[in-house]
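Chemist: Going down the list, the protein sequences come from chains A and B.
Its first residue numbered 1, the first sequence is counted upward by one per residue in my numbering.
Its first residue numbered 1, the second sequence is counted upward by one per residue in my numbering.
Hints are supplied without guarantee of correctness; some may be wrong.
Listed below are the simulated EDC-like cross-link pairs for lysine to aspartate or glutamate, each with C-alpha atoms no more than 16 Å apart in a straight line [unchecked claim]:
1. B:K134 to B:E109
2. B:K185 to A:D295
3. B:K175 to B:D243
4. B:K281 to B:D351
5. B:K263 to A:E161
6. B:K263 to A:E160
7. B:K263 to B:E289
8. B:K211 to B:E170
9. B:K60 to B:D117
These are computed hints drawn from the structure, not numbers from a lab.
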Amino acid sequence: MRPIGLNLLRSRKMGTQEMIVFLIFVALFAGFSVFLPGFLNANNIALLLQAVSVLGILSVAMGVIVIGGAIDLSIVALMAMSVAWTLQLINGGMPVPAALAIGLASVALVGLINGFLVAYVEIPPLFSTLATAGCIYGFGRFVLISQDTVYLPTNLGVIEELGKGRVFGVPMPVIVFAVIAAVVGLLLKYTKFGRFTYAAGDNRAAARITGVPVRPLIVAQFVLSAFIAFIAGLVQATAINSMNTRITDSLLVYEIILVVVLGGIGLSGGKGGIRNVVVGTLLIGTFLNGMTIMDIQFTTQNAIKGLILLTAIVIDQIVNPRDEQTSQQGDI
Amino acid sequence: MKTTAYPKRTGARRFSARPLLAAGLLGLASLAYSGAAQAIDIEGIPDPTIEPYVAAMKGKTIGYVPFSMSYDLSQGWYAGMKIQAEELGYEIVVRDPNWNTDVGVQAMEQLINSKPDIIVLQNPDLQSYAKLLKRGTEAGINFISVNIASAYPTYYIGEVWQLNGVKEAEYIVEKCGEGTGRSGKVAIIQGILTSAASATQIRGVTEVLSKHPEIQVVSNQSANWDAGKANEITKTVLQQHPDLCGVIGFWDGMDIGAGSAVKEAGLQDQVFVVSSGGGNKEAACDRLEDGTYSAYFSYDVREQAQDINSLIRIFLQNPPAPDAPKFTLPTRGRFLTKDNIGPGSCWTMDDFK
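One chain only, chain A, in its complex shape (with noise of 0.2 Å):
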């Protein structure tokens, strides 16, 4: 017999967790509208929001992955060092297109090899993309980039609106998010794409037997990844006039997997949406902004964070338990 609770968890019209998380969310947002001076108005609400959009963008890029049954930790390192190398390249005397290009391209390359080694070397996403973000930050640091910090260029022209622009008083970022989001998040639902994704996601051997070609679906699903962070780190860039490579070594990448946790992407693959990486990041924008605001020191937040990633995890175990069928050795 299984607790009540559980059962409760368990009846999903919609992903229950992905409820949970927006009533934790109304919860903290009224608790917070009410408790902490200055936190409800419309300048704080786009800030708030503003604070997370790139967390958010790249969770959207995470959400397809995870979705597709894998996960990519190099996506930070990647985010980083294309962007920093494209900078670099500008502040050389390149012309911005041609920079651009060469930078995107070079994450392309990226998700190429990310997909190739997961879906045809067939080594598990944990391990290969843990060892190709070792390998994106070093080569990128030795050979590409001289300074850790690359300061932005001044040339960049309407590129710069990415993270400073404003239309109707919404920040640009968070507008980027919200585009990003909405493409995707149709491009799951309503595309060939998309749907072989949940499939592929859901149980692979078996969608492979249906007829779906999982192998190149993983390496679009890479590439797709790889191209939102490099617009992730754009954003990021010209918002803070600078792309430091360092937070290739900081929490991001956790806080990350966190808010797709969090909204209620099941780890084991195949279930979820966009929805939940927006719920996800509203959580935690909101969460980071009250703390910001309550003066809590920085490490107290991540211990904070920590445990809110470990009941979630908890929580996602319960309600997604591994699948005995189609788990595998070095599976999350």
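Keeping the supplied structure of chain A fixed, place chain B upon it in accordance with the hints.
Modeler: Coordinates of chain B only, in the frame set by chain A:
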């Protein structure tokens, strides 16, 4: 050289080139002969300072272990050290731990075992290298710590972080304190809380601010040396306190995020952002010019590189005994604002070429 390369390229002209070569050799020989005929006698007495000085430098080895080779400070120090090494004929062995303390410990261990004459290093923190430094010092190696000291005493060149904090806080008090008519609201953005550079700076900052009750610290948080986090904190603080007057930052690589937030809000005339760092042009002067910072405390890398080079020259000629008392050469530091910077206020890598 040309005459020998010539025949290789075009075999047909080989024979016509030979007489040319012969003529050239003949010319050279006659030149040498005429030179010998008019030889200048060496006069005067040998300068007694040259010989022992040159002999003390030749063939020596200096180890260099910064925390990472990937940022402006360590690259500037190295560039300065390299010029002198090439000039005087000693070798510099570089080990790059790339921000990783464990790798740094290994690198130090290995370097110490290879017994260089001097090791120039940047401690990751007060403790990590302390034991190794003790062992190395007892083995007769002289250690020069740059910018971050160790719990085990070594010769020290560089920043006095606490003073840096004092300077920045004094600037903010001058701009936001009593009699300025401004709000007196200040945000402090610290680095990694456990790092000595951050912990001693906050000491200096709070020492000054504690004497000024009119200053109100509305936010005092760590941004983990991360520009993105500094940006986020500053934006939120500005939102909560639109009348913010000052931001005290602890390192330029992080503070650019804070300055960008102020600039994006269009408040650079109202909010004074003060930062500090090694005075690299891109990190400092360019940011003062474009209004990201209103003031910048520079511990000039050129000056530090010069001090390192001086100590190397002294120690190679007269190596101090392991138990010799250690000393400190604080970097003078310059307080830069948009109004007092000139072409020489900041440095670029070209300055070391």
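Chemist: K263 (chain B) and E161 (chain A) were given as a pair; does the straight-line alpha-carbon distance stay at or below 16 Å?
Modeler: holds (14 Å)
Chemist: K60 (chain B) and D117 (chain B): Cα distance at most 16 Å?
Modeler: Since the Cα atoms of K60 (chain B) and D117 (chain B) sit roughly 7 Å apart, the hinted pair holds (cutoff 16 Å).
Chemist: Does the alpha-carbon distance linking K134 (chain B) and E109 (chain B) stay inside the 16 Å limit?
Modeler: The given pair, whose Cα atoms are some 11 Å apart, holds under the 16 Å limit.
Chemist: Going straight from one Cα to the other, do K185 (chain B) and D295 (chain A) come out at no more than 16 Å?
Modeler: holds (14 Å)
Chemist: Would you check the hint for K263 (chain B) and E160 (chain A), treating anything up to 16 Å between C-alpha atoms as holding?
Modeler: Status holds; Cα separation ~14 Å.
Chemist: Would you check the hint for K281 (chain B) and D351 (chain B), treating anything up to 16 Å between C-alpha atoms as holding?
Modeler: With a Cα-Cα distance of about 11 Å, the restraint between K281 (chain B) and D351 (chain B) holds, given a limit of 16 Å.
Chemist: What's the verdict on K263 (chain B) and E289 (chain B), does the C-alpha distance respect the 16 Å limit or exceed it?
Modeler: holds (12 Å)
Chemist: Given the hinted pair K211 (chain B) and E170 (chain B), is their alpha-carbon gap at most 16 Å?
Modeler: holds (11 Å)
Chemist: Are K175 (chain B) and D243 (chain B) close enough, with their CA atoms no more than 16 Å apart?
Modeler: holds (13 Å)
Going through the hint list in order, the structure satisfies each hint without exception.
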